[in-house]
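Trainee: Chains as they are written, first to last, in our numbering: chain A, 1 to 379; chain B, 1001 to 1379; chain C, 2001 to 2379; chain D, 3001 to 3379.
Worth double-checking, as some hints may not be accurate.
[Said to hold, decoys possible] Taking lysine-lysine and the DSBU-like style, the derived pairs with C-alpha atoms no more than 35 Å apart in a straight line are:
no.	chain 1	residue 1	chain 2	residue 2
1	C	K2211	D	K3376
2	D	K3150	B	K1147
3	C	K2376	D	K3376
4	D	K3041	D	K3091
5	D	K3041	A	K66
6	A	K211	A	K176
7	B	K1039	B	K1118
8	D	K3304	A	K39
9	D	K3041	A	K304
10	C	K2150	A	K147
11	A	K150	C	K2150
12	D	K3304	A	K41
13	B	K1114	B	K1091
14	D	K3147	B	K1150
15	C	K2176	B	K1304
16	C	K2211	C	K2376
17	B	K1376	A	K211
18	D	K3150	B	K1304
19	D	K3176	A	K304
20	A	K150	C	K2147
21	B	K1376	A	K378
22	A	K41	D	K3066
23	C	K2211	C	K2378
24	A	K150	C	K2304
25	D	K3066	D	K3041
26	D	K3041	D	K3114
27	B	K1378	A	K378
28	B	K1376	A	K376
29	B	K1150	D	K3304
30	D	K3176	C	K2150
31	A	K378	A	K118
32	B	K1176	A	K150
33	C	K2376	D	K3378
34	C	K2150	A	K304
35	C	K2039	B	K1304
36	A	K176	B	K1150
37	B	K1304	C	K2304
38	C	K2176	D	K3150
Source of the hints: derived by calculation from the structure; they are not laboratory data. Computed from a predicted model, the values in this text were never measured in an experiment.
Read off the chains here:
Protein chains: 4
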Amino acid sequence: MGMVGGGLDAFIGAVHRRAATMDHEIELVCGAFSANPEKSKATGHSLYLPPDRVYDTFEEMIRREKELPEGERMDFVSIVTPNHLHFPPAKLALENGFHVVCDKPMTINLEEAKALAKIVEETGLLFCLTHNYTGYPMVKEARAMIKAGKLGEIRKVIVEYPQGWLATMTDTSGNKQADWRTDPSRSGAAGCMGDIGTHAENLAEYITGLKITEMCADLTTYVPGRQLDDDGNVLLHFENGAKGVLHASQIANGEENDFNIRIYGELGGLQWFQMEPNTLIYKTNEAGARRIRTGVGELSPESKAATRIPAGHPEGFLEAFANIYHNFALTLRARMNGEQVDPIYLDFPGIEEGIRGLAFIETCIASNDSTEKWTKFKE
Amino acid sequence: MGMVGGGLDAFIGAVHRRAATMDHEIELVCGAFSANPEKSKATGHSLYLPPDRVYDTFEEMIRREKELPEGERMDFVSIVTPNHLHFPPAKLALENGFHVVCDKPMTINLEEAKALAKIVEETGLLFCLTHNYTGYPMVKEARAMIKAGKLGEIRKVIVEYPQGWLATMTDTSGNKQADWRTDPSRSGAAGCMGDIGTHAENLAEYITGLKITEMCADLTTYVPGRQLDDDGNVLLHFENGAKGVLHASQIANGEENDFNIRIYGELGGLQWFQMEPNTLIYKTNEAGARRIRTGVGELSPESKAATRIPAGHPEGFLEAFANIYHNFALTLRARMNGEQVDPIYLDFPGIEEGIRGLAFIETCIASNDSTEKWTKFKE
Amino acid sequence: MGMVGGGLDAFIGAVHRRAATMDHEIELVCGAFSANPEKSKATGHSLYLPPDRVYDTFEEMIRREKELPEGERMDFVSIVTPNHLHFPPAKLALENGFHVVCDKPMTINLEEAKALAKIVEETGLLFCLTHNYTGYPMVKEARAMIKAGKLGEIRKVIVEYPQGWLATMTDTSGNKQADWRTDPSRSGAAGCMGDIGTHAENLAEYITGLKITEMCADLTTYVPGRQLDDDGNVLLHFENGAKGVLHASQIANGEENDFNIRIYGELGGLQWFQMEPNTLIYKTNEAGARRIRTGVGELSPESKAATRIPAGHPEGFLEAFANIYHNFALTLRARMNGEQVDPIYLDFPGIEEGIRGLAFIETCIASNDSTEKWTKFKE
Amino acid sequence: MGMVGGGLDAFIGAVHRRAATMDHEIELVCGAFSANPEKSKATGHSLYLPPDRVYDTFEEMIRREKELPEGERMDFVSIVTPNHLHFPPAKLALENGFHVVCDKPMTINLEEAKALAKIVEETGLLFCLTHNYTGYPMVKEARAMIKAGKLGEIRKVIVEYPQGWLATMTDTSGNKQADWRTDPSRSGAAGCMGDIGTHAENLAEYITGLKITEMCADLTTYVPGRQLDDDGNVLLHFENGAKGVLHASQIANGEENDFNIRIYGELGGLQWFQMEPNTLIYKTNEAGARRIRTGVGELSPESKAATRIPAGHPEGFLEAFANIYHNFALTLRARMNGEQVDPIYLDFPGIEEGIRGLAFIETCIASNDSTEKWTKFKE
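Excised from the complex, chain A in its bound form (with noise of 0.2 Å):
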């Protein structure tokens, strides 16, 4: 693996590396890790990397790494930079034989992602999204339990994600996570709904197996100042005539990253909060509340593949993040040795999710722009 951005005070490429190399399958063997080519070689240094492979810009990485024999160059990109900076390297990777992991939303437009979407297309290279919150296994096995008809129909969908880090100018002055992230030039269109909205939308479908078909907006700035939405409530219509909710904030002040999800069919409902991952309760009107929890009990194959320690010893965020890591590892490796891979491991987040994302974000502002009550899901 080669990495593009994650710098040494970057969040989130830690966690990426952290993810990447959980399971021993990933090796970080080069980087660009900064537009500052110091701090680039600093970052490469402190991960004990060979001074030669790491890289002023993403571009010579792609070069050098290019020239070097099979089986010692890298063999895919993550790319870890701010949203603008997702496109440029994730084509030049995909044009020059690599894969791609990139972080989300995968671009900064829809008209990018559709770009993008073509050239893995062409190249037929794989490509994988780190909508890393579909890695939980309980996140996962709500998703089997609906595929096998544990709740019927489904009626209704709340998902909500409320943080409070940006309920103040002032908390966030200096603060490099914050910074891009409010500037439409490196986030894109939208603020919260383009950081965790899209977060929302994604582990809404991805659970359900359902579709969002139109969306009535109401996008905030709270903090005066701001130039993006720190906040959005979104009435849902799903293809198959469910209904939901879906809000997020980064001003609910109080709240970390309490992610969670309610969903209820004709049979039952199911609620799953990021917060206590490894619990997911299963809710019927005849049996009341059970606790499902990861590695308890009969579960399915796809949240017994996502665990990796016994029942009642805690996986996080780092262990959900690396099972995307770690299916899209499995399944370049049986690529590369021209095996077949088991189906579950095909189970990771890709162009078709990001393309998704992109189109929400941009259903969000034309919907809160609008004085029509619904407006389409424009993929």
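Chain A is already provided as a structure; the job is to place chains B, C and D on it using the hints.
Mentor: Leaving out everything else, chains B, C and D in the frame of chain A:
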């Protein structure tokens, strides 16, 4: 107290009786418990009422009680009938000099609500509407904290009322509670939004002290054959610029009565869950979450006055309901004794809350029927 | 019902009154509410009792009530005084033909307890001891599940009763509740273990249906100047070979009334927390945890009979307390009417539980004073 | 790092490998992974180790690695074998100049533990014992709060470690983890109390900073045919006069790994649950409960140094385990570089904790065999 409705098999009648008498301040002295005189008699008998104070109709009750000497006749009427039978006895009672306690929603439509308001105004009598959830100590604490500025300017309100008991038709066939609630002629224009959506609207406005100004509603009847909505999702705008989401459901399979609210302001957030009513969670970015508990530490006078037993001895639904009656009773007694009432006890819902409830229902319906995003809250 | 004790500033007297009258089956008709006649009168007045039914002493009450015609006089006496004043009025009431409800612990020592048992046996009258925590529906459900063999043979019991209100002397100076509870002449040989340890012992034996056979107790008085234990840790052996731990505390700083129990058998485990009383957690290795909830799905008749309102409308401490009175009242009424009582209603604590409570206290003290590991539970 | 034990089907070996490499500070360079050379080879292969660094025995590994030039050979040995195989490789490694990380309990008996202590002292090398639960940020926060006097003098400690996985023999037949843990020749004198009781003892002493001085233990083997205890209840006395209860179980049917601790002092109480490890509950009589959360607000430097990602992104068991390795690695690196180590990183368990663990086990056995109430904690 004389009761209208509340026959033996009614849910809410028994709740009112237990709530009214919990503090030994109110005595049930007469009743017209059912449209069926036999049932009324049987109910009165089971409650040890003298047969001559058990009436066949509310008209008879009001007429005959009025003939009794002061001090012996009932002081007020408690109306616990289905919605379409709130207005007639309320009107008649008021016009005959009896104060009124009435279940919610106040009337079957906004027009009737306004007519009732006029009668209350003209007679100068007390009118109490049992929006019972405002009786919980921690709801009062939340309101007091917001009034005291602990949250700063309110930005976002999420209020939810999921129930699952009407998830199917068969669940409810022959269920008297379900029966009238899903019949427009007895329930009014809305089903779910009238029965529990109004509680959500009331709670949000009570705690925040803010009025809803416009709404975008998406109502659904999920269960085939049902005449009224059994689910609704609503975007809210408040008078101060705050925004919110209100959703309620009777088809949220597996949910009991999980009414809850979250409120975020510039300085912090609050969470309250009806099913664990003695805990109020107060969150700030700086200090994380604090559990404020009924009876523990420094609390507002309003919360303390609504608490009967020491901390850790859970008070529940009946006690909260009793707090509405308690405040009403102390206010009534002060009035009867020509005394000043402690303002704490004036805190019970009345005509204004009743009008807002009906206006909420009618705005829900209007918004749901509209293709416009926003519908003004019509009062 | 005539009440002994329960003056205006008493905690438990008001609880008994609310509990007794909750279901409109019992009426307070007279009382000797305080050793201070003025206080007794004021209490009676505030409860709207006729002055001639408010007595200066319990002796007077029993004598004068006995003179009243049947049907008019009180049917039973409810004793809510400090522990040292349980036996005298209980004895006198029984000897004069009145049934008795009495707060716990039943008497001030085991000798008195046995004497009382003899009187009850001789008079053949009903005696009810308000070990109120057995009135919770989910406690009854736990007992029913164990009786039905859901847990298999019981192996381990953990019962805890932590409170923090007596963590310092100053917390409690001038606190009437604290006052007598920490005074050996009014409370008996144990402080914490008498006041709340007995509840723990009773709950463990009630739910499991097993008797404690030997104990190893470690009692402590943490607060300087206090005369009685304010904390105790006890190892338990049960008659079937099950083992356990019981601990109780009044100095567990920050705890309210967090009484709870866990029971493990060959086939599964149960957990119940008094502060969230409507949830019973049932765990098995195979299926994880299920939340059994008051009023939801299939439940035992015992649990259903102890539930007044639909699921999700929390019933609390007063309702559980009322269930003791409710069962007593229905049993008493059946007896007065010469009818057979439904065995469900015979489920209220009585003399046997009272004796076990005092034996528990005395065994605690004996074990604490011993250097032997095990002390037989002396009864 | 060279590893002894941890073949492919071992639980704890994979945990150590993930933990050790999580922060990119430690690299696995060699191993003797199994007594079975084929298994050792297969494990090494799956971990991409060069075949010549995969050894048949730990003796071979230590001898051959020693022959490699400095900088190339392993810096330390990580021992993850069953208990009876801790001492021999630890001794050999230390005597050949390699630092040691070792799983707990440190040795198979106290005598061995003391012998090992002597060797560590004589060689002056680093020794780290993976009492991993002390690696959680909120455990460190609890310790820091107590050290800072937030709880005042400690009075009471309740530490619990219930598991259910060994509730039956059939659960565990053919389960390699269960196999050696229930075999005295490989596990030592205690089963449950050695495997998890020692964690409980260690956590209690770590957080409070207090040493246990005497104990009263009641151990049980519930499952017929099992040779070692599968459950234990223990009363504790601490050096400052504090008292406590420790209980652990492998037959607590339905429990996963619900290790938890409560500590009460004069001024407040703390609660921590391993299964929700990022929350620490701080309670006082005055202010109720506060949830202290990993990464939120003001925290101790120790807790912050043990945290990798922002609040609300749950860190779990592997991250806590990694914190032990992280502190060890930073201490080792400072030593290798001749630098001063930040005292924060000296916070990892070592020889002293190992001796206390074995002394705890032996005191448990002695107390269980005694008819005396109290047995001195023998060290």
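Trainee: In ascending order, which of the hints set out earlier in this document are inconsistent with the structure?
Mentor: none
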